[in-house]
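Number of protein chains: 2
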Amino acid sequence: MIPSSPFLILLLLTISLTLSPAQSTPTFFPRITTYQSSLQKQDKPTIKPEIPFKTYYFPQLLDHFTFQPQSYKIFYQKYLINNHYWRQGGPIFVYTGNEGNIEWFAANTGFMLDIAPKFHALLVFIEHRFYGESMPFGKDSYKSTEKLGYLNSQQALADFAVLIRSLKKNHSSEASPVVVFGGSYGGMLAAWFRLKYPHIAIGALASSAPILQFDDITPWSSFYDGVSKDYKDASLNCYEVIKGSWQELEALSAQKEGLAELSRNFRTCKNLQSMYSVRNWLWEAFVYTAMVNYPTEANFMMPLPAYPVHEMCKIIDGFSHGATKLSKAFAAASLYYNYTQSEKCFNLENEHDAHGLHGWGWQACTEMVMPMTCSNESMFPPSSYDYKEFAESCRTKYGVMPRPHWITTEFGGIRIEQVLKRSGSNIIFSNGMQDPWSRGSVLKNISATITALVTEKGAHHVDFRSATKDDPEWLVQQRKQEVEIIQKWIDEYYRDIKQE
Amino acid sequence: MIPSSPFLILLLLTISLTLSPAQSTPTFFPRITTYQSSLQKQDKPTIKPEIPFKTYYFPQLLDHFTFQPQSYKIFYQKYLINNHYWRQGGPIFVYTGNEGNIEWFAANTGFMLDIAPKFHALLVFIEHRFYGESMPFGKDSYKSTEKLGYLNSQQALADFAVLIRSLKKNHSSEASPVVVFGGSYGGMLAAWFRLKYPHIAIGALASSAPILQFDDITPWSSFYDGVSKDYKDASLNCYEVIKGSWQELEALSAQKEGLAELSRNFRTCKNLQSMYSVRNWLWEAFVYTAMVNYPTEANFMMPLPAYPVHEMCKIIDGFSHGATKLSKAFAAASLYYNYTQSEKCFNLENEHDAHGLHGWGWQACTEMVMPMTCSNESMFPPSSYDYKEFAESCRTKYGVMPRPHWITTEFGGIRIEQVLKRSGSNIIFSNGMQDPWSRGSVLKNISATITALVTEKGAHHVDFRSATKDDPEWLVQQRKQEVEIIQKWIDEYYRDIKQE
Chain A
36 MIPSSPFLIL LLLTISLTLS PAQSTPTFFP RITTYQSSLQ KQDKPTIKPE
86 IPFKTYYFPQ LLDHFTFQPQ SYKIFYQKYL INNHYWRQGG PIFVYTGNEG
136 NIEWFAANTG FMLDIAPKFH ALLVFIEHRF YGESMPFGKD SYKSTEKLGY
186 LNSQQALADF AVLIRSLKKN HSSEASPVVV FGGSYGGMLA AWFRLKYPHI
236 AIGALASSAP ILQFDDITPW SSFYDGVSKD YKDASLNCYE VIKGSWQELE
286 ALSAQKEGLA ELSRNFRTCK NLQSMYSVRN WLWEAFVYTA MVNYPTEANF
336 MMPLPAYPVH EMCKIIDGFS HGATKLSKAF AAASLYYNYT QSEKCFNLEN
386 EHDAHGLHGW GWQACTEMVM PMTCSNESMF PPSSYDYKEF AESCRTKYGV
436 MPRPHWITTE FGGIRIEQVL KRSGSNIIFS NGMQDPWSRG SVLKNISATI
486 TALVTEKGAH HVDFRSATKD DPEWLVQQRK QEVEIIQKWI DEYYRDIKQE
Chain B
36 MIPSSPFLIL LLLTISLTLS PAQSTPTFFP RITTYQSSLQ KQDKPTIKPE
86 IPFKTYYFPQ LLDHFTFQPQ SYKIFYQKYL INNHYWRQGG PIFVYTGNEG
136 NIEWFAANTG FMLDIAPKFH ALLVFIEHRF YGESMPFGKD SYKSTEKLGY
186 LNSQQALADF AVLIRSLKKN HSSEASPVVV FGGSYGGMLA AWFRLKYPHI
236 AIGALASSAP ILQFDDITPW SSFYDGVSKD YKDASLNCYE VIKGSWQELE
286 ALSAQKEGLA ELSRNFRTCK NLQSMYSVRN WLWEAFVYTA MVNYPTEANF
336 MMPLPAYPVH EMCKIIDGFS HGATKLSKAF AAASLYYNYT QSEKCFNLEN
386 EHDAHGLHGW GWQACTEMVM PMTCSNESMF PPSSYDYKEF AESCRTKYGV
436 MPRPHWITTE FGGIRIEQVL KRSGSNIIFS NGMQDPWSRG SVLKNISATI
486 TALVTEKGAH HVDFRSATKD DPEWLVQQRK QEVEIIQKWI DEYYRDIKQE
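Just so you know, the protein sequences line up as chains A and B, in that order.
Start counting at 1 in the first sequence, then tack on 35, and there's your number in this note's numbering.
Start counting at 1 in the second sequence, then tack on 35, and there's your number in this note's numbering.
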């Protein structure tokens with residue numbers, strides 16, 4: 036797929052991967068699964084041993100926006116319910132599922148479970164169509180553009196609307212206020228849901244939701260500049276080592292026995308076929324670690340220590356003189372892939388499950404077009420964004436062209452402060468500046484009711500993780516503010532219906 | 036089509052017709068066309084002899100909400116532009132076209148032309164997909180459910196969004212504020228457009244927009260109660276005569292030579308085949324006249340005098356003792372069909388053009404499900420609403436079932452005050468209480484920026500008609516208020532962008 040432009044693949048891959056860490060199926064994220072199993076044995080406090088939810092399946096309409104005979108096809112959309120803390124008539128907290136199986140999001144959004152007792156809330160986690168078990172065409176769902184055509188955010192939002200309305204009716208709680216929660220792409224969906232369906236959700240908590248990562252609203256280099264800043268802030272040397280490692284990698288690869296030496300140096304389980312897999316492997320480690328640069332030990336993407344970027348840089352800075360930059364970068368990346376020290380060798384060229392990739396890969400190739408570049412200031416090799424090349428690769432892969440301006444036409448984003456100051460309300464955009472996605476989100480208060488909660492040390496939807504005894508004060512405060520704001524929305528709602 | 040339930044047909048027909056008076060094609064509204072031609076010769080002041088617009092065609096996407104290969108098909112959407120009063124950077128006033136050809140709406144929305152000079156506004160009238168010339172599949176557009184499936188309000192709103200954005204770019208006026216205008220179904224679209232696309236339109240003037248005519252938000256009998264009230268308010272006798280005429284019609288039809296006598300009494304051009312055509316003919320006349328009970332002579336549906344309901348009742352009340360109620364009703368209805376006195380006989384059983392009917396008929400059978408009944412208090416024969424029967428008739432006709440709760444799921448409406456008080460802004464709902472559709476609209480201010488302008492003597496989007504020297508003071512005042520509010524939106528918008 037465009038061998039002349041490996042960066043495009045990388046970018047595409049990175050975007051696909053960074054926004055879709057959700058899959059825990061062995062074929063898609065084999066390493067994660069391995070680590071997760073071993074971690075569960077160790078009974079880490081941040082992972083709940085069992086997900087306290089009951090599973091349901093909702094008969095959902097295939098196509099909400101056409102009325103062709105085939106639009107009426109029903110598929111079964113999975114959703115999870117916890118009614119343990121609910122009082123009839125109390126609020127309903129809905130997680131608007133993103134690009135992965137819903138259990139994974141439920142397990143990583145302990146915040147909702149933590150606050151449910153205070154609100155006597157019903158908890159609902161809805162799986163996004165075409166992910167997990169919610170496959171409109173079963174195992175064939177990814178087999179043609181004809182079928183995949185129904186995978187997009189507007190259909191997903193309509194799914195949520197229809198399901199929530201039906202759920203409220205079946206629970207005899209039509210007057211219950213609904214608050215939507217979502218992280219990452221799920222946060223984008225939560226924010227958009229509040230904007231498009233204010234009659235269904237009274238408010239949205241959108242955590243790490245890069246709704247401004249489209250068109251040219253956010254500078255295209257901001258994502259990788261953000262990653263780089265994390266490392267630079269941890270240690271200038273660390274940043275420079277990583278920045279210099281790519282050239283060493285290229286130089287080594289160009290040598291006669293380069294791949295063989297790389298295979299030895301990177302302790303690969305099988306001999307390497309291409310230097311690009313090493314590049315991807317390193318790249319992924321640095322990007323994901325920046326995203327999950329959490330203040331406590333955690334296992335979102337991989338099991339990692341507290342502030343893992345800092346730990347990586349410690350490794351790099353700890354080397355004695357004489358070691359190559361590439362070997363330092365390898366040692367740092369090993370923290371990401373082997374924190375539990377259980378890996379004897381690394382599988383750098385694992386096949387990714389086509390089904391898993393298809394999910395976000397498809398969305399990124401149709402509506403979720405987020406241009407990204409690497410500037411000279413970043414620690415990655417500089418790269419530009421060639422829309423034509425990107426579009427052509429999408430056409431080759433899926434048979435359809437992207438609609439690069441559709442998201443901003445459908446959901447807005449350009450001059451968002453000006454627009455939402457005068458129309459929307461009740462959205463919290465929470466972001467941690469360690470997370471490179473934060474640059475594409477809303478970082479300033481827009482109005483009295485559309486607020487930005489930004490933490491300097493926070494990472495990718497850290498606020499959504501279960502509270503732990505080691506949480507720093509700023510995180511405790513951030514969650515407290517979120518609870519207070521949500522409480523205000525709910526109080527106001529009940530006051531409003533009383534006045535009716 | 037369900038011969039046991041003529042009322043259902045009638046209701047369906049009435050709904051179809053009342054919301055789609057727009058077609059001026061000879062096959063659909065032959066009488067209107069005839070009258071319009073003769074009227075133009077007389078050079079009535081309310082009809083502009085020429086529409087001062089240039090016609091354009093926009094390459095529009097067939098399906099905004101799926102990404103199948105066929106979704107990418109392009110069709111040509113018609114739109115009209117008047118840039119005579121525009122100053123570059125000035126506001127853009129867009130009419131969100133409804134169920135008919137766009138020239139007809141342009142000709143009947145003189146208000147926009149009247150106010151354009153004051154605002155230095157660009158005027159744009161966009162035709163709704165599947166109406167007029169904007170046929171995605173040319174002459175085959177209505178030939179299958181497969182094709183008609185793309186005819187619905189969400190696709191239409193997305194069309195507007197895409198077209199407006201492109202238009203602004205091409206006019207180098209991306210910072211120009213857009214205000215949307217619409218009447219009747221077009222008013223629903225305008226209001227929904229402001230709610231769903233606040234980043235594209237800064238405000239909406241929704242005239243006679245029955246956005247609450249769905250589910251059980253508005254009492255189902257309100258429409259026909261509204262019609263009846265107009266006649267009752269004009270004269271109690273008038274109301275009672277019409278109310279009693281249906282039974283006389285039925286009794287006469289049951290007689291041996293009943294149809295022959297009816298044919299004579301109703302001066303039909305051909306012998307009647309069914310009493311239902313008489314019922315429809317009368318029904319239409321009374322309903323439409325109530326809708327267009329304008330304070331001045333006008334020609335929206337038909338050429339009619341000022342306050343035509345009053346004129347009809349004068350005719351009924353003017354009869355000497357002894358005349359039957361049916362003959363009085365006929366005389367009153369003749370005002371509607373023959374105000375210009377040019378008809379020698381009446382075609383009560385004209386075939387309606389299937390293409391024209393399909394338009395709104397399809398929409399009413401899929402998403403625009405507006406339940407209606409006739410109560411005992413109305414002047415029409417009492418009738419109930421049988422959803423199953425209705426749905427079955429739609430399935431028979433089009434091969435698909437209605438989605439009766441979809442509009443309120445997608446656009447809201449239930450507890451609208453409570454919802455929009457906290458989220459939307461900048462919408463004017465203007466209504467005249469003579470118009471039976473007003474009951475299904477917003478009649479009270481919701482917030483400081485979502486306001487209702489209600490006139491007791493106003494009829495179906497009377498405010499949108501060109502100003503005339505005979506306009507009553509309340510109409511002059513209503514339009515003045517509208518202009519003031521729109522001016523406020525625009526001023527605020529310019530202030531907002533200055534502060535950026």
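Check each hint, because a few of them may be wrong.
It does not matter which identical chain is meant; a pair holds if it fits inside one copy or across any two.
Derived pair list, reagent style PhoX-like, types lysine-lysine, alpha-carbon separation capped at 20 Å [claimed, not checked]:
#1 K305 - K379
#2 K360 - K278
#3 K108 - K174
#4 K267 - K108
#5 K456 - K523
#6 K515 - K291
#7 K178 - K523
#8 K479 - K504
#9 K182 - K108
#10 K479 - K533
Note that these hints are calculated values from the structure, not bench results.
Status of each hint after checking the structure:
no.: 1; hint: K305 - K379; result: within (12 Å within a copy, 95 Å between copies)
no.: 2; hint: K360 - K278; result: within (9 Å within a copy, 94 Å between copies)
no.: 3; hint: K108 - K174; result: within (16 Å within a copy, 28 Å between copies)
no.: 4; hint: K267 - K108; result: neither (52 Å within a copy, 49 Å between copies)
no.: 5; hint: K456 - K523; result: both (19 Å within a copy, 16 Å between copies)
no.: 6; hint: K515 - K291; result: neither (59 Å within a copy, 83 Å between copies)
no.: 7; hint: K178 - K523; result: neither (46 Å within a copy, 53 Å between copies)
no.: 8; hint: K479 - K504; result: neither (29 Å within a copy, 52 Å between copies)
no.: 9; hint: K182 - K108; result: both (12 Å within a copy, 17 Å between copies)
no.: 10; hint: K479 - K533; result: between (33 Å within a copy, 18 Å between copies)
Figure legend: structure checked against the earlier numbered hints; hints not met, in rising order: 4, 6, 7 and 8.
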